[in-house]
Amino acid sequence: MADNLTLILFLPMLGGLILTLLPSSKPVLVKFWANLVLGCNALWTLTLLGRFDATHDLQFIQRLPWIPSLGAEFFLGVDGYSMLLFAMTSAVGFLASLASWNAIDTRLKEFYVSLLILQSCVAGVFLAVDALLFFVFFEASLIPMFFLIAIWGGEQRRMAAMKFIVYTVAGSMLLLVGLLLLYFEHWRQTGFFSFSLPALWATKPEGDLGLWIFWLMFAGLAVKVPMAPFHTWLPDAHTEAPTVGSVYLASIMLKMGTYGFLRLVLPGVPETVKQANVLWWMSVLALIAIVYGALVCLKQKDWKRLIAYSSVSHMGFCMLGMFSLNPAGISGSMLQQVNHGISTGLLFILVGLMYERRHTREISEYGGLFGPMPAFSFVFLIAAVSSMGLPPLNGFVGELRILTGAFEMSVPWALWAGLGVVLTVAYLLWCYQRVTLGETSAKNLGLADLSGREWAVVLPFLIAAIGIGVYPQPAFDMLERPVKQIMEKVRPNYYAQSN
Amino acid sequence: MDAALFYTFAAITLAGALATVTRRNPVHCALGLIFSLLGVAGLFLLQAAELLFAVQILLYVGGVMVLFLFVIMLIHLEQAARLRQYSRQWPVALAALFAVFLEIYVLAQSGLPGLPPSPQPRLNAGGNTERIADSLFYVYALPFEAASLLLLIAIVGAVWLARKKEQPQ
Amino acid sequence: MQFNNLFSILPAAVLALFGCVLLLLRFDSSRPYLIFLAFAELLAAIGLWRQTDFLGFTGFRGAILIDPFGIAFNAICLVAGLICAVGAYRYMEREDEDHPEFYGLILLAQSGMYLMNSGTELITVFIGLEITAVSFYSLTGFLRSNPRSSEAALKYLLLGAFSSGLLLYGFSILYGLSGSTHYLNIASMLATRNSRDPLILMAILPIVLGLLFKIAAAPLHMWAPDAYEGAPTPVTAYLATASKAAGFALLLRLILGPLHDLRPAWEGLITFAAIASLTVGNLAAITQSSTKRLLAYSSIGHVGYILLGLVAGNKTGIEAMLLYLLVYTLMTTGAFLLLSALDREGVTDFRGLLYRHPGVALLMILLLLSLAGLPPTAGFVAKYMIFLSLVQARQYWVAVIAALYVAVSLYYYFRIIREMLHNPDDSPATLTISTGWRAAVGLTAILSLGLGLNPEPVLAWARSALR
Numbered sequence: 093m094a095d096n097l098t099l100i101l102f103l104p105m106l107g108g109l110i111l112t113l114l115p116s117s118k119p120v121l122v123k124f125w126a127n128l129v130l131g132c133n134a135l136w137t138l139t140l141l142g143r144f145d146a147t148h149d150l151q152f153i154q155r156l157p158w159i160p161s162l163g164a165e166f167f168l169g170v171d172g173y174s175m176l177l178f179a180m181t182s183a184v185g186f187l188a189s190l191a192s193w194n195a196i197d198t199r200l201k202e203f204y205v206s207l208l209i210l211q212s213c214v215a216g217v218f219l220a221v222d223a224l225l226f227f228v229f230f231e232a233s234l235i236p237m238f239f240l241i242a243i244w245g246g247e248q249r250r251m252a253a254m255k256f257i258v259y260t261v262a263g264s265m266l267l268l269v270g271l272l273l274l275y276f277e278h279w280r281q282t283g284f285f286s287f288s289l290p291a292l293w294a295t296k297p298e299g300d301l302g303l304w305i306f307w308l309m310f311a312g313l314a315v316k317v318p319m320a321p322f323h324t325w326l327p328d329a330h331t332e333a334p335t336v337g338s339v340y341l342a343s344i345m346l347k348m349g350t351y352g353f354l355r356l357v358l359p360g361v362p363e364t365v366k367q368a369n370v371l372w373w374m375s376v377l378a379l380i381a382i383v384y385g386a387l388v389c390l391k392q393k394d395w396k397r398l399i400a401y402s403s404v405s406h407m408g409f410c411m412l413g414m415f416s417l418n419p420a421g422i423s424g425s426m427l428q429q430v431n432h433g434i435s436t437g438l439l440f441i442l443v444g445l446m447y448e449r450r451h452t453r454e455i456s457e458y459g460g461l462f463g464p465m466p467a468f469s470f471v472f473l474i475a476a477v478s479s480m481g482l483p484p485l486n487g488f489v490g491e492l493r494i495l496t497g498a499f500e501m502s503v504p505w506a507l508w509a510g511l512g513v514v515l516t517v518a519y520l521l522w523c524y525q526r527v528t529l530g531e532t533s534a535k536n537l538g539l540a541d542l543s544g545r546e547w548a549v550v551l552p553f554l555i556a557a558i559g560i561g562v563y564p565q566p567a568f569d570m571l572e573r574p575v576k577q578i579m580e581k582v583r584p585n586y587y588a589q590s591n
Numbered sequence: 318m319d320a321a322l323f324y325t326f327a328a329i330t331l332a333g334a335l336a337t338v339t340r341r342n343p344v345h346c347a348l349g350l351i352f353s354l355l356g357v358a359g360l361f362l363l364q365a366a367e368l369l370f371a372v373q374i375l376l377y378v379g380g381v382m383v384l385f386l387f388v389i390m391l392i393h394l395e396q397a398a399r400l401r402q403y404s405r406q407w408p409v410a411l412a413a414l415f416a417v418f419l420e421i422y423v424l425a426q427s428g429l430p431g432l433p434p435s436p437q438p439r440l441n442a443g444g445n446t447e448r449i450a451d452s453l454f455y456v457y458a459l460p461f462e463a464a465s466l467l468l469l470i471a472i473v474g475a476v477w478l479a480r481k482k483e484q485p486q
Numbered sequence: 003m004q005f006n007n008l009f010s011i012l013p014a015a016v017l018a019l020f021g022c023v024l025l026l027l028r029f030d031s032s033r034p035y036l037i038f039l040a041f042a043e044l045l046a047a048i049g050l051w052r053q054t055d056f057l058g059f060t061g062f063r064g065a066i067l068i069d070p071f072g073i074a075f076n077a078i079c080l081v082a083g084l085i086c087a088v089g090a091y092r093y094m095e096r097e098d099e100d101h102p103e104f105y106g107l108i109l110l111a112q113s114g115m116y117l118m119n120s121g122t123e124l125i126t127v128f129i130g131l132e133i134t135a136v137s138f139y140s141l142t143g144f145l146r147s148n149p150r151s152s153e154a155a156l157k158y159l160l161l162g163a164f165s166s167g168l169l170l171y172g173f174s175i176l177y178g179l180s181g182s183t184h185y186l187n188i189a190s191m192l193a194t195r196n197s198r199d200p201l202i203l204m205a206i207l208p209i210v211l212g213l214l215f216k217i218a219a220a221p222l223h224m225w226a227p228d229a230y231e232g233a234p235t236p237v238t239a240y241l242a243t244a245s246k247a248a249g250f251a252l253l254l255r256l257i258l259g260p261l262h263d264l265r266p267a268w269e270g271l272i273t274f275a276a277i278a279s280l281t282v283g284n285l286a287a288i289t290q291s292s293t294k295r296l297l298a299y300s301s302i303g304h305v306g307y308i309l310l311g312l313v314a315g316n317k318t319g320i321e322a323m324l325l326y327l328l329v330y331t332l333m334t335t336g337a338f339l340l341l342s343a344l345d346r347e348g349v350t351d352f353r354g355l356l357y358r359h360p361g362v363a364l365l366m367i368l369l370l371l372s373l374a375g376l377p378p379t380a381g382f383v384a385k386y387m388i389f390l391s392l393v394q395a396r397q398y399w400v401a402v403i404a405a406l407y408v409a410v411s412l413y414y415y416f417r418i419i420r421e422m423l424h425n426p427d428d429s430p431a432t433l434t435i436s437t438g439w440r441a442a443v444g445l446t447a448i449l450s451l452g453l454g455l456n457p458e459p460v461l462a463w464a465r466s467a468l469r
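Chains as they are written, first to last, in this note's numbering: chain A, 93 to 591; chain B, 318 to 486; chain C, 3 to 469.
Keep in mind the hints are simulated off the structure, nothing from the lab. These numbers were taken from a predicted model, which means no experiment stands behind them.
Here are the simulated lysine-lysine pairs, DSS-like style, with alpha carbons at most 30 Å apart:
no., chain 1, residue 1, chain 2, residue 2
1, A, LYS296, A, LYS581
2, A, LYS255, C, LYS294
3, A, LYS366, A, LYS576
4, A, LYS391, A, LYS535
5, A, LYS535, A, LYS393
6, A, LYS366, A, LYS581
7, A, LYS393, A, LYS255
8, C, LYS294, B, LYS481
9, B, LYS481, C, LYS157
10, C, LYS317, A, LYS296
11, A, LYS296, A, LYS366
12, A, LYS576, A, LYS296
Quick list of the computed label-pair ranges, beta carbon to beta carbon:
no., chain 1, residue 1, chain 2, residue 2, range
13, C, GLY444, B, GLY380, 48 to 54 Å
14, B, ILE449, C, ARG195, 28 to 34 Å
15, A, ALA294, C, GLY452, 29 to 35 Å
We treat Cβ as the ideally placed atom computed from N, Cα and C, and that holds for glycine.
Using the sequences and the hints given, assemble the complete structure.
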């Protein structure tokens, strides 16, 4: 019962269904119930994390028939990588919801129902071991996200929501076609129809078919990550979304893209991924994302937009690490995905807290917040340092690993990535300076510092950031087996060579 | 001899059809249609389909066309006669027609390969009526009965659409 | 022998009989008509169900064949007719045109569809097609005081007559080539021919074009937006689903039967029609301000997807077509019926629906998500099967194009959803709902979601229908 992934997966959705029966006239009850459900979900997930055994591969497996005609099963399970992402998802989801306690005042019940459904869908993405199940959750999560942006978002919310969903679906449908190509190749080789990831990984398509599969899957996942130049939906979606929407988008949904790469592309078409020109394209696009994202951040006037573009830059780091095709790069990429979820989630929550007080996202409206809000400034400092990738916080560990991996692959690429690090420090410090340091303007003088609830929200983030930064070994232990699994497919001789 | 008769009847059919489409006066159109149908009747006769020849003249010309003429004469159609006869796109239509004609000509020149030899009209085969009855009531019984349903639906639809809406009491 | 004949057309005979009787009835309210119609549909359904024990039987010297394919398509048409009629009566009352002729014509149209679905002989299917078409001409023009309705009926009639003539011309050449009008005989006679024979082309081209008109596929789709917009909305629902399904049944029977080995003759035209329908349907829908026209163009897009199953040409493709037609019928009847409850039909008239009538808005959102093809709806399963068949046939580029058009269609479907999310302001459109409407729309929306979560039953059904 405690290990029942199906229950954990559907717990938020069940909570949402019960929520529809509660009266809208009692907003406190609604908020309390929703946060209770999400909180239980997060706690349960953390206990799973505690019981996770890093010496085994897939755990807590559940396998039920779903669509026998198509070979799709209701196959759930976690390995080190997905366990970390799932834990981050549940925790960040709950904390984001808690942070929004006072943020929403219209259609409260619908808001929380959408949030709960969204939580289940994104959980499903990471728990699914059947590729069709993965895809269904991948796509289905777009629907509640669309509503969250379009109903409770900012000024331009409807346009942003449309752009978000049309762009993403265009890519996802191509991902589906690519997946089907892989699925059919598997059938041609074995005579069986199956969508389970281990079965699809055994296929190893070659040549032209491999290229087709790669580029189709790339199209879908690159929009999600997002990789430049397919990132144009992101700034609008992130800035126009309500706080909780931005947090979900940045911390969780972007990871679905990189997760897809590491689960479908690298192990699915390893022969194609190894090809020199494919690697070149992936690395160049990743570097463009890193440097361009950082440069654009430097000229942003909107606080949320700045953080949004920083996500583009950070995800570029993850992609670079991933495609360096060595254990350092891949494990660094995996850890950095979790780290980015923590740091950027915290950053968006902090912006949300300020927005609740001042109702503006313009950086120029703020300044000298250190005076009236020292606690907030301290937390913001931690968040910024974590995002910059400086020791002793979590961002440093991940980025160091990635840079090591990139260095191993190609020194020039690593140097370009290093430039990205420098630019990241630049824009984050500059943002921090403009917001917290300097003269406190009259508008900002009377602002209240972090309340008890707000402390409760940011504290777990701080603990995680500092904890992973100071003692990352348990995380790396969990990632060791998944990384090895991927390396064995992509570069079977790697471990032999290095011995 | 057969060929001459065929071309004569075909010419009558086509001329009648042209007249129906081009004349302004509705009565002239109806007369053109009658001539066209008579031409088709002649073609039936050439194929030794005597029953169809007779039925064509009796039913189509004698029944349907007479009804057409009655209706035309009952309704005053002078305005229709003064209206513009052709759609503005008649050059396009002519071009399309020419294209179809060209296609048929090319096909005819290529000798229509593989066409099964057309069955020669069997004179004195006797039992024309019986053969048609056999087709209508035995082989094609279902479509025949269904056609009556089709006519019923057409009548119902026509009457319904033409009736004025009842005013609410 | 006698029993065979009667039994093979029993459902059609029942429908026709009840339809004619309905024409004679006169009641004050329309509820008795509906009960009568439902009873007729029930009897027809029982007849269809009994037929499953007599598969392979033929009637009327090979004119009708009882097989799972025909039963499946007849079931789709029956469901469509029932849903449309049940959801229609409040609409017709509002338009002050609730007469027995309406319900009678619905039943009569369905008897024609039976002949199209189960007929295996050229003249029978043609008469069936004409019965359906003429019934629809009258149904389209049913709102006698509305000039749009009459105009729609006129356009439909003129273009329909022309395409029927084209179809008949093709049939006559086919008869000339093979000496018989029965599919089996035609198939054996044509088996000896070369598929590049110009005469074959001359026969097949008009037939395919005539049928493309019937299913409203580009490039013969021009009648559809006008006809769909002008017709009473429940009639549009019926026309867009059942008539299309019957047209597809006819097309599939021909293509899987006599024309099967002549693939090079028709595949170019069908591929062109599929891609053109996708393009025209999706691109034109983007700019529409009338929801009815938007849904009409989106129907053309859906026809493009269904035709892609033929382009793939494998068994999965045909199964996908059947599945898509069932799912499409459910979604489209639901959407059009929901639209019929509003008294105005612009896209902007959905404004604020989520706040004023949340239940109705939720149903519409479900239906629109299914039409767009997003998981976990049934619409996604249908599109998935089409992609599956294309990939299996190694038609990768076509699959990519079809996938991209899903995103395009999302734009206009979500435009409607966006309007629903607007804050309610001045003069909103009012809703007229009846219990029947609630049942009909509720059923279609729930099935659109349910069949998406658990598609195994319909997948198995599609496979068994094409054994």
